[in-house]
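Could you put the whole structure together from the sequences, leaning on the hints where they help?
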Amino acid sequence: MSENTEPRSAAAPDPDQLPASQATDVEPEPLEDAADFVTSLDTAGGAHQPSAVPVSTQSGALPGAPEEESLLRKIFTGNGIVTILAVLLALILGGLLIAMTDKVVGTTAGYLFARPSDFLIAVWSAATDSYVALFQGAVFNPRGNGVAGQFAPLMETLTIATPLITAGLGVALAFRAGLFNIGAQGQIIMAGILASWVGFALHLPLGIHLLLVLVAGVIGGAVWGGIVGVLKARTGAHEVIVTIMFNYIALYFLRYLLDTDLFQRPGADTPISPIVDPSAAYPLIFGSQYRLHLGFLLAIAATVFVSWLLNRSTLGFEFRAVGANPKAALTAGINVSRATILVMTIAGGLAGLAGVAQVAGTEKVLTDGVAATYGFDAITVALLGRSSPWGTFAAGLLFGAFRAGAVQMQIQTGTPIDIVLVVQSLIVLFIAAPPLVRAIFGLNPRKKKAATAGKTKQAATTGGAA
Amino acid sequence: MSTTATSPVEGKPQPEKNHRPTVSAKPVTWKLPVTLAVLATIAFIFFGLLGPQANAKFGVSSSGDFFQLPAIEVPAFLSGMVLSLILLVLAGYALVLKARANRRPPRWVPAVFTVVFVVAFLIWVVGGARTPSISLAGLIAGSVTLAVPIVFGSLSGVLCERAGVVNIAIEGQLLGGAFTAALVASLTHNPYLGLLAAAVAGALVSVVLAVFSIKYVVNQIIVGVVLNVLVSGLTGFLFTTVMQSDPEKYNSPAELPIIDIPVLSSIPVIGPILFKQSVVGYLMYVAVIVIWVALFKTKWGLRVRAVGEHPQAADTLGIKVNATRFWNVTLGGAVAGIGGSFFTLVAIDSFTKEISGGRGFIALAAMILGRWNPIGAFFAALLFGFADNLQSIVTIIGTPVPSQFMAMLPYVVTVFAVAGLVGRSRPPAADGIPYIKG
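Which chain is which? The protein sequence lines are A and B, in order. Per my numbering, residue 4 is the first one in the first sequence, and the count goes up by one each step. Per my numbering, residue 3 is the first one in the second sequence, and the count goes up by one each step.
It is worth saying that the hints were derived from the structure and are not from the lab. Predicted model only: the values in this text are computed from it and were never measured. Positions of the beta carbon are idealized from the N, C-alpha and C atoms, including for glycine. Don't take every hint at face value.
Said to hold, decoys possible - Over the 12 Å line for every Cβ pair with chain A, so calculated as not near, a few chain B residues:
(1) A103
(2) R106
(3) L206
(4) V219
(5) V228
(6) L232
(7) W294
(8) I395
What the hints assert, rightly or not - Taking lysine to aspartate or glutamate pairs in the DMTMM-like style, the calculated list, with each CA pair at most 25 Å apart, reads:
(9) K301/B <-> D317/B
(10) K355/B <-> D264/A
(11) K106/A <-> D262/B
(12) K106/A <-> D132/A
(13) K251/B <-> D351/B
(14) K278/B <-> D262/B
(15) K251/B <-> E356/B
(16) K106/A <-> E250/B
(17) K355/B <-> E257/B
Given below as structure tokens:
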């Protein structure tokens, strides 16, 4: 709740710049009327671009929800249950897709009307087998070699989650300032380039070397993100377009570098860099039996940092104010250009941390697949995490588990890894449209008043922005 | 309240105290003259002063042509000097106009500048190569081939965004079209059914975009980004489970025949690109013209643009804003789907994962560079196809420019375009803003 007051005070100085949706936030009562206002003036009839920031984080609980029913309603219609239902729904659809393409299901469908039970059992086992394999590959493998082996999947999940979390934080932070940072991919690549070069070309003492690698990577990502911020602030160029283009520019630059003597490993025919020095690599947290490295602890630290930055610092307040309403923020004396440039720089730096995790932790070399698809997955991670730091952390863990488990699933059941992409994107789609999920599960609040309908609509925008 | 600073219906920009720095009343800036001057200087130094001494040879006719033209052979150094001097003169003209009369240069100046620059660049690249000879006809024909999906994709973007819905999902629509075309054409042994199915698949991807962004008011960029992932995952999954289980049955699509119009197709250079295409290729030219006419010369087009620029005004006049958007987005998806079929029915004879290879994003760039205009987008897409093709040729003939930088070119040009260094591209005013009737 402590978040709630700040954006309001940002909006307060200039109420006529804002449609009443913000202005009414200032007035605590009357509740029902306020809710009506929120309804109709949500985006001022489309005149205002809805902010990319979740409304829930802008103004906390919506005015208009009476106290006594809020708890029950929150449980059944709130974001938490929608998130869980969305994940469930996506898993069900993914399971159906797996079952549809399963051979046994195909055969049993041939005599569906003769013995429907066979068909249903086949559907069930096709889907559950895959998901069980996924779980065993992601969290706990009962057939593992000793306790260490049984928990190896979990360690792998954390390793894969590391770049997802940090890059996701970068995307989430930019979302909160109203910016779509599609460019994590390019920022990871630029960070990877700088970090790996420092890692294999310079030979420095232990400690200093790793620190320099870290700094170089973060700077690489920060500069690449910062340029986008400058272009956005100075020329108004849309950050979505610029970041997409920057992803490709970074990728081709990386491919060029891997073709030069500076980066290509001597004697190698493939575009691959030398291995980074041991002094430049992240130490492994639980010894050499797992790949889990220091990067994961840094990801936790980064989450704490972003959480502090957004919720406790002046700068973070400015970011959120700009994200909520740039015009109001400007009127309130916030330097919008500066905030835009800074937020993109920090976002780039966070994505850069993911790049460092790749070259100094997981991969130890630079290839043109250094960023894999982490930069794009980071967008879905941030969306699933509703752009909150710890939400992003949790979403990063979930998607890390999907990725780690999918490898095992493909080996055990032959279900292609791509199913994970389907499930991930379905989760985000459903989470973005709470009314749809509620309608599917028959949880839509009774539409007895305009206020309730308004809430639904507002939630839709919220989800959309999140 | 004005919608945005760039709204054209606004007439005069109102002096709002907190205007974002956007161009509203078209002030004449130094950006264009200065950019031209910088580019001309670069051209003068690299293409002129440091130009290669060899002769660059351009083959014009191919063996089957109606009549043969001799290959053009130009001294690289001399032509580099002459062309870069022309560039300097053009840039100087723009500078003088700005300095003396505070006027922007006529529209032909940047156009001629671009053409001369590209020619000078081409001569420089070829002249500096190990084997300074390329087939111009082949280069251009290849460019058009590579540009076909990009053109369709950018037309999809134009249709959606003119109605006010941002379409980041072009990549997904192309990929969906490519997959469905391959599957249906394999199963039915009929490429035309494959083409039709591709259009339906593209439209289906679009329907999801439309439903989520219009009905559920989910942010359009988010839906677009997620849809790309979804289609990529779905096609990848079905490719592995279905297509690879029996490639003969599921992934050997019948090809669309190349329709050769006699006599006309033998005209050197333009013959093959205009009169020796597949159905998809001919459809591309038709689509560009039809969409241009429809958008700018018909009542329907006026309504669509009204919805994209000022939905409230359109609504007031009785236009169904969200219905218009829905159908436009769906139509756009169908167009992109047809473009996707080009991959599997014409260019390559089977589907592979990620066959569209990011061309949807290039299409997005082409649409922006073409200023949300079908014809502009067409030429921008051709330019990108040209850069793409030149990139592969450059690797073969061996030139001083690394091929990766050639591949980077479209993206760099787009960044320049959106940053307003070479004339600002302005999106429709209500682009990306959901319309809630209220």
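Each hint tested on the structure:
Here A103/B stays apart from chain A, with its beta-carbon at least about 25 Å from theirs, past the 12 Å limit. R106/B, annotated as away from the interface, keeps every beta carbon of chain A farther than 12 Å; the closest lies near 17 Å. The beta carbon of L206/B is kept farther than 12 Å from every beta carbon of chain A, the shortest such distance being approximately 14 Å. Separation of V219/B from chain A is inadequate, the least Cβ-Cβ distance of about 5 Å not exceeding the 12 Å criterion.
Not every beta carbon of chain A lies more than 12 Å from that of V228/B, the smallest distance being close to 5 Å; the non-interface claim is violated. The claim that L232/B is not at the interface with chain A is violated, since a C-beta of that chain comes within 12 Å of its own (minimum 4 Å). Distance check on W294/B: its Cβ is at least 23 Å (rounded) from any Cβ of chain A, clearing the 12 Å threshold; non-interface status holds. With a minimum CB-CB distance of about 17 Å to chain A, I395/B clears the 12 Å threshold, and the non-interface call stands.
Proximity of K301/B to D317/B is assessed by CA-CA distance (about 15 Å); at most 25 Å being required, the pair is judged to hold. A distance of roughly 32 Å separates the Cα atoms of K355/B and D264/A; the hinted pair therefore is violated under the 25 Å criterion. This hinted pair does not check out: K106/A and D262/B have alpha carbons roughly 44 Å apart, beyond 25 Å. Our distance criterion of 25 Å between C-alpha atoms is met by K106/A and D132/A, whose separation comes to about 14 Å.
Simply put, K251/B and D351/B have alpha-carbon atoms about 13 Å apart, close enough for the 25 Å limit, and the pair holds. Simply put, K278/B and D262/B have alpha-carbon atoms about 5 Å apart, close enough for the 25 Å limit, and the pair holds. Note on K251/B and E356/B: the hinted pairing holds, with a Cα-Cα distance of about 21 Å set against a maximum of 25 Å. About 18 Å separates the Cα atoms of K106/A and E250/B, which keeps this hinted pair within 25 Å; it holds.
This hinted pair checks out: K355/B and E257/B have alpha carbons roughly 19 Å apart, not beyond 25 Å.
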